[in-house]
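A.B. asks: As a plain string of letters, each chain reads:
Number of protein chains: 2
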Amino acid sequence: MAAKITYTIQKELGDLSIAPNGWKKQLTYTSWNNREEKFDLRSWNEDHTAMTKGITLTKEEALKLRDILNEIDFDEL
Amino acid sequence: MAAKITYTIQKELGDLSIAPNGWKKQLTYTSWNNREEKFDLRSWNEDHTAMTKGITLTKEEALKLRDILNEIDFDEL
Chain A
9 MAAKITYTIQ KELGDLSIAP NGWKKQLTYT SWNNREEKFD LRSWNEDHTA
59 MTKGITLTKE EALKLRDILN EIDFDEL
Chain B
9 MAAKITYTIQ KELGDLSIAP NGWKKQLTYT SWNNREEKFD LRSWNEDHTA
59 MTKGITLTKE EALKLRDILN EIDFDEL
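Protein chains in written order, with this note's numbering: chain A, 9 to 85; chain B, 9 to 85.
Keep in mind that the hints were calculated from the coordinates and are not lab data. A few of these clues could be false.
Put simply, identical chains are the same to the list, so a pair is met inside one copy or across any two.
[What the hints assert, rightly or not] In silico lysine-lysine, DSSO-like type, Cα no more than 27 angstroms apart, as pairs:
| hint | residue 1 | residue 2 |
| --- | --- | --- |
| 1 | 61 | 12 |
| 2 | 72 | 12 |
| 3 | 61 | 19 |
| 4 | 19 | 67 |
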């Protein structure tokens, strides 16, 4: 039996990309199964009723990711 | 039959966190199945022989994510 997953998207923080089928890769601040909100990176359909697998980040991890991204020389990679 | 997955981590860009069991949540620049490298966010064991599911980002998505993270007021969330 598949467990029922509940989620509440508290805030849509930004869109990374939008696919031709309307799915958006988004950073959101989302609570899964009524747990504390986390930063959440995954793709969603237009009305947020379906999603891909993705990754959740704590605040500390999101801050670290910000710092790492700010240090990357994107022209060099 | 499970398909054989190949990967080459071209660059470890930074660690977001390290779990007590040694697994690191990392941003890497990784080629999956000999395709073009992508930015890749997931956890890896210490010698990079095992990994969790994660998310890959194009350069454009990584730049967008950087900009989104730079605009977040982390104290407000």
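A.B. asks: If the cutoff is 27 angstroms on CA atoms, where do residue 61 and residue 12 land: within, between, both or neither? Let me know, please.
C.D. replies: For residue 61 and residue 12, both the intra-copy (15 angstroms) and inter-copy (20 angstroms) Cα distances are at most 27 angstroms.
A.B. asks: Check residue 19 against residue 67 for me: Cα-Cα at most 27 angstroms, and say if that holds within a copy, between copies, both or neither.
C.D. replies: both (14 angstroms within a copy, 24 angstroms between copies)
A.B. asks: Go through the copies and call it for residue 72 and residue 12: within, between, both or neither, with a Cα cutoff of 27 angstroms.
C.D. replies: Classified as neither: same-chain Cα gap 32 angstroms, cross-chain 32 angstroms, threshold 27 angstroms.
A.B. asks: My question is about residue 61 and residue 19: at a cut-off of 27 angstroms on alpha-carbon distance, are they close within one copy, between copies, both, or neither?
C.D. replies: Close inside one copy (18 angstroms) and across copies (24 angstroms); limit 27 angstroms.
In summary, the structure is inconsistent with hint 2 from the numbered list given earlier, while agreeing with all the others.
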